[in-house]
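2 protein chains.
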Amino acid sequence: MSFNLRIVLVEPLYQGNVGSVARAMKNFSFSDLVLVNPCKLQNEARALASHAWDVLDGAKIVPSIEEAIEGADVVVATTGITGLKIDEHIRMPPYTPQELKEKFNGTNGTIAVLFGREDNGFTNEELKLSDMIVSIPTSDIYPIMNLSHATTIILYELSQIDAGEQQLAEGFDLKLLHEHIGELLDDIQYPEHKKEKTHLMFKRIFGRAQLMPREVQTLRGFFGRIQQLVK
Amino acid sequence: MSFNLRIVLVEPLYQGNVGSVARAMKNFSFSDLVLVNPCKLQNEARALASHAWDVLDGAKIVPSIEEAIEGADVVVATTGITGLKIDEHIRMPPYTPQELKEKFNGTNGTIAVLFGREDNGFTNEELKLSDMIVSIPTSDIYPIMNLSHATTIILYELSQIDAGEQQLAEGFDLKLLHEHIGELLDDIQYPEHKKEKTHLMFKRIFGRAQLMPREVQTLRGFFGRIQQLVK
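Chains A and B are the protein sequences, given in the same order. UniProt numbering puts the first residue of the first sequence at 1, with every later residue one more than the last. UniProt numbering puts the first residue of the second sequence at 1, with every later residue one more than the last.
The hints are simulated quantities; they were obtained by calculation from the structure and are not laboratory data. It is possible that some hints are incorrect.
Which copy? The list can't say, so a pair holds if one copy fits it or any two copies do.
[As the list claims (entries may be wrong)] Only pairs whose alpha carbons sit at most 27 Å apart, straight line, appear in this in silico BS3-like list of lysine-lysine:
id, residue 1, residue 2
1, Lys128, Lys175
2, Lys197, Lys128
3, Lys195, Lys40
4, Lys128, Lys101
5, Lys203, Lys128
6, Lys231, Lys101
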């Protein structure tokens, strides 16, 4: 195992951006590119990919974010600063790209970083699929970055990561843990109007904490025991 | 910000790149753009500048690097990794963008950062006009970055000189949370021999996650509810 970065572009509208992202990926020695329902990729994408046709041609095209993040251990969504002001519980707390690098330094596993549409970013439902939020600190006056520029900054920061000994918990086990928490919130009759927020909060906290495999098992045992007692 | 960053593009060949650079500058709140003998700037430059027409229109056009760096206190030239292998005395030592940021933290004055031609970079004579060299750490296989991508990384690093701080939960509230978890482990008759390890695990996880004040309150509410039900 080693550190693998997957770049996921969600419904990119402009093929030039996709080509530019492929080029930037190759500049920083990454190649795992997944495109969710992309625009048509033709000559302009290839021209802007420059010498990174291998990355562009190797991109996996899928119809949903769920498929794009399959096999990833941690899912990170990028949002603009302006987005942070609405739906705080979904978008907080945001990490800077540098903090993301520090967080994953010395770990093994696959991190998928998601980039939203050029015009509309992500829906809230899409953002809930992520374990962590990263936001590039930009100007308040004009925070909207070009898609390939935003990607370049993430690639630049995360290319500085040294893979280490620490194995991240697998995405699949985390998914089971989160389902477990969902059930538990039902079992303890947690107030309906708070349920979703609290569930998401656990996802974010455990996402930030970068759980180790044994911790996930212990947490599941802990929650399982509570469930038994409550029932 | 206590310093002024000037971006100097030397004989850029593609107007799209100039427009993209203007946009990235505005994203990071910079506006001092100087172009040395640029290509024609027409519709494509304006399209890619997006909402940064003010930066593009405000760009100063000059016939020489000497004029472009007039009034700058420090001149930094960007070179690719490959360039470092030749003419070492001119190109060494290269700073990373991050080192550049650290270097200029807390200083006053104007730094001019020069970017060379998309195809041929700088001549040695031109490089000698710079006080420092910065080089973005890239792949050996394909180190040649798009001009606006390279500029974006420099802007990103140098804009970060005063990063903000996230409000963390107070130690006292965390302590209450951990006491709470300890009581809960008793209440649910968690196996005695595992109790201490599991308690510590929560401490580690929540420590790493750097909880926010509101999250601590929600967690305590959650655990309190379980306690009520279990008793």
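Status of each hint after checking the structure:
1. Lys128 / Lys175: Intra 13 Å, inter 29 Å, cutoff 27 Å: intra-copy only.
2. Lys197 / Lys128: within (10 Å within a copy, 31 Å between copies)
3. Lys195 / Lys40: neither (40 Å within a copy, 56 Å between copies)
4. Lys128 / Lys101: within (22 Å within a copy, 34 Å between copies)
5. Lys203 / Lys128: both (9 Å within a copy, 25 Å between copies)
6. Lys231 / Lys101: neither (42 Å within a copy, 44 Å between copies)
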